[in-house]
Amino acid sequence: MEPPVPVWGLVDDRTGHTGQVLGVIGKLGMPFVLKRLAFNWKTRLPLTAPSLTTLDDSHSAPIAPPWPKLVITAGRRTIPIARYIKKKSPSTVIVYLMWSSAARDFDLVAVPNHDDVKAADNILTTIAPLHAVTPETLAAAKEAWLPKFRQLPRPWVAVTIGGNTKHGKYRAADWRELITRARDLAPTGTLMVTTSRRTPKEALDVIAPLLAGGAHILHRWDADKDNPYLGLLGCADAVVATGDSLSMCTEACVSGKPVYLFAPEQVIPKKHARLHQSLYEQLLAKPLDSTSSLEWKPATIMDDARLVATAIRTRFPQIRS
1 MEPPVPVWGL
11 VDDRTGHTGQ
21 VLGVIGKLGM
31 PFVLKRLAFN
41 WKTRLPLTAP
51 SLTTLDDSHS
61 APIAPPWPKL
71 VITAGRRTIP
81 IARYIKKKSP
91 STVIVYLMWS
101 SAARDFDLVA
111 VPNHDDVKAA
121 DNILTTIAPL
131 HAVTPETLAA
141 AKEAWLPKFR
151 QLPRPWVAVT
161 IGGNTKHGKY
171 RAADWRELIT
181 RARDLAPTGT
191 LMVTTSRRTP
201 KEALDVIAPL
211 LAGGAHILHR
221 WDADKDNPYL
231 GLLGCADAVV
241 ATGDSLSMCT
251 EACVSGKPVY
261 LFAPEQVIPK
271 KHARLHQSLY
281 EQLLAKPLDS
291 TSSLEWKPAT
301 IMDDARLVAT
311 AIRTRFPQIR
321 S
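When we follow the working numbering, the leftmost residue of the sequence shown carries the number 1, and every step to the right adds one.
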């Protein structure tokens with residue numbers, strides 16, 4: 001019989017959760033398997049006790065011995081399954097990559113600073129939410145996309161656009177200001193704009209005419225199949241991200257390029273504003289305003305996933321034995 005795989009990643013159908021798990025696992029450099037989980041109607045109930053009853057067995061990876069040395073997971077629905085593994089195999093180290101009231105049951109919980117969680121021995125604070133974007137993935141994306149962009153006038157400014165939040169909505173004037181200030185960064189260059197699932201039609205109604213008549217790129221998330229998002233982060237000379245998207249803000253900070261955040265107060269929740277302030281204090285990003293330029297460079301490249309992976313190796317050396 002083959003030896004057990006030492007690391008399991010428990011993932012649900014949320015791309016963001018999967019990205020967090022893969023981001024940390026990728027930094028560990030250990031053999032792993034992703035256990036993709038599907039859930040039944042019971043997951044809508046407030047069930048967090050150790051159990052597999054919320055799983056749709058016919059569409060989920062098996063959760064059974066031999067147990068791994070390490071489990072890394074994210075997402076509320078995976079909590080009962082992680083607790084079940086811990087109950088069956090107390091020596092298995094469980095690492096959870098978000099805040100949860102179940103944190104006391106896990107060996108390590110990685111929580112972004114803006115969640116403002118009380119300190120504890122098993123709490124590791126990161127600058128921002130985790131994800132799967134790394135310098136390596138951006139280098140690969142740059143190699144793939146650079147031939148398609150090479151003829152465009154430089155400098156290149158990537159503009160990654162999210163959308164409205166529960167806190168508030170963007171106004172037409174906000175979208176105009178975003179594009180105007182982005183163009184001011186590179187008056188003779190190219191704006192490389194990409195929308196997302198949350199980008200409202202009203203945004204495109206304003207943005208598209210402002211990009212007409214030039215060599216600018218406008219990728220429409222709902223219409224254009226080949227998503228250049230990672231390619232833009234890898235190739236651009238600067239990145240502008242709308243502050244409504246935690247992932248866009250933090251993934252931009254992996255690029256090593258000047259990063260500017262566009263964050264109108266009426267749109268941005270307090271939690272997001274705390275993240276932005278943390279990025280500004282760490283000199284990883286700046287607000288997009290009339291003083292923005294391509295001359296500024298970030299202090300470093302954000303790599304929270306490596307921070308978590310290092311903490312795992314340091315705290316739990318038994319996972320490599």
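Hints are not guaranteed to be accurate.
Said to hold, decoys possible - Only pairs whose alpha carbons sit at most 25 Å apart, straight line, appear in this in silico DSS-like list of lysine-lysine:
{"#": "1", "residue 1": "Lys69", "residue 2": "Lys42"}
{"#": "2", "residue 1": "Lys166", "residue 2": "Lys270"}
{"#": "3", "residue 1": "Lys286", "residue 2": "Lys270"}
Unchecked claim - What follows is a list of derived Cβ distance ranges for each label pair:
{"#": "4", "residue 1": "Glu295", "residue 2": "Leu52", "range": "18 to 26 Å"}
{"#": "5", "residue 1": "Lys88", "residue 2": "Asp115", "range": "28 to 36 Å"}
{"#": "6", "residue 1": "Gly214", "residue 2": "Arg104", "range": "51 to 59 Å"}
Calculated from the structure, these hints are not laboratory results.
Quick caveat: nothing in here was measured; it's all calculated off a predicted structure.
Ideal Cβ positions, reconstructed from N, Cα and C, are used throughout, including at glycine.
Outcome of the hint check:
1. Lys69 / Lys42: Violated, at roughly 28 Å.
2. Lys166 / Lys270: holds (11 Å)
3. Lys286 / Lys270: Satisfied, since the Cα-Cα distance of roughly 17 Å is no more than 25 Å.
4. Glu295 / Leu52: 18 to 26 Å: violated (56 Å)
5. Lys88 / Asp115: 28 to 36 Å: holds (30 Å)
6. Gly214 / Arg104: 51 to 59 Å: holds (55 Å)
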